[in-house]
Structures are given as structure tokens and as C-alpha cells.
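For the protein sequence lines, the chains are L and R, in the order given. Using full-length UniProt numbering, the first residue of the first sequence is number 1, and each one after it goes up by one. Using full-length UniProt numbering, the first residue of the second sequence is number 1, and each one after it goes up by one.
Hint data in this document are derived by calculation from the structure and do not stem from the laboratory. Any given hint might turn out to be false.
To spell it out: a stretch of chain R is covered by chain L in this simulated footprint if at least three of its residues, at any positions, have a beta carbon under 8 Å from a beta carbon of chain L; those stretches are [what the hints assert, rightly or not]:
(1) 52–65
(2) 68–81
(3) 93–103
(4) 107–116
Calculated pairs, BS3-like style, for lysine-lysine (alpha carbon to alpha carbon, straight line, at most 30 Å) [stated by the list, open to error]:
(5) LYS203(R) <-> LYS226(R)
(6) LYS95(L) <-> LYS32(L)
(7) LYS226(R) <-> LYS95(L)
(8) LYS20(R) <-> LYS265(L)
(9) LYS32(L) <-> LYS203(R)
Here a beta-carbon is modelled for each residue, glycine too, at the ideal position from N, C-alpha and C.
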Amino acid sequence: MSDTLAPEERRAYWAVVDCWTIVRRDLTHLVKQPSLVAWQLGFPIVSVLLFVYVFGSSMDVGEGVEYKDFALPGMFAMTMSFGFMNTAIAVVVDKERGVTDRFRSMPMSPSAVVTGRGVSDILHAALDLAVLAVIALVIGWRSDGSLLGTLYAFALLLLLRFSLIWIGVLLGLLTPNQESAGNLFAVAFPFAMISSVFTPPSAMPDWLGAIAMWNPVSATANEIRELYGNPLPLGDSWIEQHSALMAVVWPLIITAIFLPLAVRKFQNLSR
Amino acid sequence: MTASGYSVEAEGLLKTYGDKRALDGFDLAVPSGTVYGLLGPNGAGKTTAVRILTTLIRLDGGWARVGGHDVSTEPRQVRRRIGLTGQNAAVDEIITARQNLEMFGRLFHLSAARARRRAEELLEQFTLTEAADKQPKDFSGGMRRRLDLASSMILAPEVLFLDEPTTGLDPRGRSEVWDAVRSLAEGGTTVVLTTHYLDEADKLSDRIAVVDQGRNVTEDTPAGLKRAIGGDRIEVVAAEAADLPAVAKTVARVASGGAEPETDAEERRVHAPVADRVPALTEVARSLQDAGVTVEDIGLRRPTLDEVFLTLTQQSEDKSEAKSEDKEESAA
């Protein structure tokens, strides 16, 4: 059917079809190893249970806010920010096994290798969020926001995850092998934790609190709390007052920087 | 088959990484329908050459055509005509063997139905039908390699590149892969394989290029290479170590060009190059019998590819050392 198309149209057609072929492969991974989803969600779930039930009793986030209403949206944001590890590891595995080289030696659309990764990661992230939302509901968390606001909050979470795909692709291409990919956790952990995910930055030492406030993860976490109608104690610094704006701007900045870097790194594989 | 009769042609390939010249004037001409071995030590540039010929990396100089198309200006045309099996079995370990082949078929832009049919054919051809619905992570090394080869054969490529296809396989896995390569070659596929196993190059290849330091040192049939390196040798194994000097003296009489026979005392073996094969053998046998020397074994031997390889790579090292010495001298 593609034979009737002009060359550029044909290229675009195959870019989409090839991307979908790659996405189908990644979805098959999820079906073949559902335990993988469980493992990847294990960390956020365990940590939220720890924070809510173990530390939660002594956590005072102020203004009579229930800690779990503060922590559960934080868990959503944390899971999204850890997501770049999943991207990076998937990229390293394909690179190390030679699958990336096989793709590159084939007459398929070269962009599909990267776009396929992106689309599957977003679908994977949406699945993660669905599972986490169910767990949150069981614990007793509720969104008091409007339906539209709640959906927008999930969209913001996916937007954050989308921007981190490109950091993941870049790190995956820079990482020599699977073993060293585990070290990325040393980056992921502070990136997710030095933020407003589990504790308000105002309770941190000033210098650390400033870093936490300006962390993109905080902007998303604060804004979704707002949208879920989970009242939140915020400082009056500019950054904390503008989380609605920054929850959109941060992911756009990250994408604008790291998407070109990731694509360039991918093209430089042929150096 | 291309107009030139060569499926792969390359001239003066250059590839540098920083100061290091991975390829330094590499030439190649692979006749269509043959199995062509690139033999060389690690770091000789074999893999770099294959990666350039399969459009994975760009060349810094020279030109290369694969299946009649230029790798630099027509990479898409080249990709339609090649299959690549790299150093790792490049298959997805989690989806099944069949799903792998169907996925690669779709990415080669076959229709869903054709991709399914082709997967079925390839599973049969590479005797993987029984394992079709299992995950490659549970496969043996040889099976995984066969699936890897099958994935390279989706479009029945004109040229199949195999980069160290049996590295890391047990003997059984190696012979499985060898059988698969042979049957592909019988089907008319041109095969370019790199290896540092000499027996592999010897057994599989119609022609061999010895690669060292980024260029090919020589190129010939396996038999031709062995001939070129000094022809046949006569070899005598004495029953008693005490007889070795006498044996050496006798062998010296027939050695070509007055070459000194070499003696391996531990194995009680004396050998020397000979020109006139059978007369030399008969003469040595008769003289030794007359002298009352008991011989355990006597015969004519072609040099092994190991010897060819070592001699050739040694020569190219000597040459480059001589070159750098020249430079130092002229600098002084």
C-alpha cells in the first residue's frame, strides 16, 4: 500500500509503522514478564508504605494536612522521575546485545528506534500510574479535584516522564554496559528525593530546600497536589508560587536540551 | 550478482579513532557466491571493516560498494542487500523466536502475512521449529546463534556478514553454525566472515584475506596461502632421541635451497622444507633404513594455516618496525 506514496510520504509512513512494530515488541515484554512491572513498582510502593505508615506518624507537614494526602501524589511524581532509569536500561540492553546495531543495519526507518522507545515508555508509565492509583485508593487517598483537573494532573506526570525519556536515552547510550547502568541509581535517588516528594522543602536546611524547590520533580509534585485538591503547605518563594507554570515549563526545557543531545548521540553511533 | 562479479569491493578504506588508525588502506574484493574469510588477530581492523561495509559506521577515506551500491551514498540500498550477524546474538531474549523473526520481517517491511510465512520458513531452515515459541534466553549458545543467523536472512540477502560468528560457542554450537553457513553458501549467498580461529577460516572459506594493522597483508585460497608460505615440508619422527643428529644430517641432504633442518628434541621430530616431494621422501626413507635408524613416522606435510598466519603477521610487524626505525634514522 505504501507503493502509491511519494518518497517523503513513504518515509513518514514507514517511520510510523516501524515505530509501532518496536512498540508492539516492548508491549510483548510486559505481557511476557508481568513480574517486571511489579519489580519496577516495588520501590515506590515500599517507600510510600514506609513513609506513610512508619515515618508518617511523626511527619508533620503542617496546617493539619494528612500525611498520606501529601505523600501519595509525591509517590506518583517519584515513580515518573525514576522512570528514566527504565529507559536507560532498555537502551543499554539493546545496545549491548547488538540489537541496536541490527536495527541500524536494516532498511527500516532510523528514527523508529528512538521514537519506538519513547512511545513504549509513555505507555509503560501510564500503566505504572494506573497501578499506583489503585494502590493509593486502597490506602485511602482520594482526589478532591475536578475530573478534568485530576486527568490534567496525570497528564502532567506523563509530561515529566516524557521529558525524562531523552535523559534516559542519552544516559543509556553513554553507559558502557548493563552492570554500570545500575550505578545510575546514584543519580536517580537524589534527583527524586531532594524534592517535595516526601517532605516539604521548607522543612529542609535552607540550601538544600532551595535545591529541592527548584527541582523539576517538585514543580510537578506541588502542582498535582493542587489539582487533586490535596491542600499543601507551600512557601512564598517565586518557584513555589508558580508550580502551575513550572510543571509545564520544566519538562519543556528538559526536552529542548536533551532530545537533541540524545538524537545526536544516536546519530554519532555511526562515527 | 553484480555487474562486476564482486559482491563486495573496497579500496583504500581509512578509519581513524583519535591517533589510532583502525583501518589504514584496507582493500577487499569478494567474488559473488563465495565464502570469504577475514582472518587476523584482535584489533587488526576486521570488525571495523565489517561495520563500515554494513553501513554502521562512516568511513574516513577510500570507497566501498556492497551489492553494487556505495555504502556512503546509498546506505539504504546496501541495507536491503545485506544481513549482519555481529559478535553478540542480536535477538530479543524475551519475546519468542517466532516473534523475533516476525518483528524483523515487519521491520524489513514485509506484510504481516509474509512476515509470518517467512518466519515459518526460516524456523524450519535453521531447525528451530520446535523451539519456535520459546524465549531465546533459554536457548543454548548455538541455537541463539542460529536464530541470529535466521534474523539476518529475512530478505535472503545477497551478502551475509558474520563477525566472529562462533566466538564463545562450545564445539557443538560451532559445528551447528558452520553447517548453517555452509548451507547458506550452497544456496548462493555471498558470505564475508571474520574470525580469529584459523581452522574456522580454513574449513569455511573459499578465499581468505589475512588482516593485520588495518590492512590486508595477503589474499588467496586457503591452499594457496599455505603453498605461498614455503610449500611442503618433510617430517621425520625418530624412535630414539640418540638418532636425531643422524636424521638431521640425512634430511639436510634433501632440504630445498640448502635450508637447515629444524629439530624438535622433545618430540624427536626433524623437519625441513622440500621442493621435489616424493623423490626426497623416498631418498630419506632409504638412507635412514640403510643407516639402521628406526623411524616412528615419516611424511610430507603442508604448513598449517597457523604457520601461515604467524609468518604473515610477523612479517607485517617487522615491516612496520623497520619503517619506524627508518623514520628515526632519518630524523637523526
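Hint by hint, here is what the structure shows:
1. 52–65: With 5 residues closer than 8 Å to chain L, the segment 52–65 of chain R meets the three-residue bar; holds.
2. 68–81: Holds: 3 residues of the segment 68–81 of chain R have a Cβ under 8 Å from chain L.
3. 93–103: holds (count 5)
4. 107–116: n = 3 at 8 Å, threshold three: holds.
5. LYS203(R) <-> LYS226(R): holds, 14 Å
6. LYS95(L) <-> LYS32(L): holds, 21 Å
7. LYS226(R) <-> LYS95(L): Violated, at about 39 Å.
8. LYS20(R) <-> LYS265(L): holds, 22 Å
9. LYS32(L) <-> LYS203(R): Violated. LYS32(L) to LYS203(R) sits at ~41 Å, over the 30 Å cutoff.
Comparing the model with each earlier hint shows violations of hints 7 and 9; every other hint is respected.
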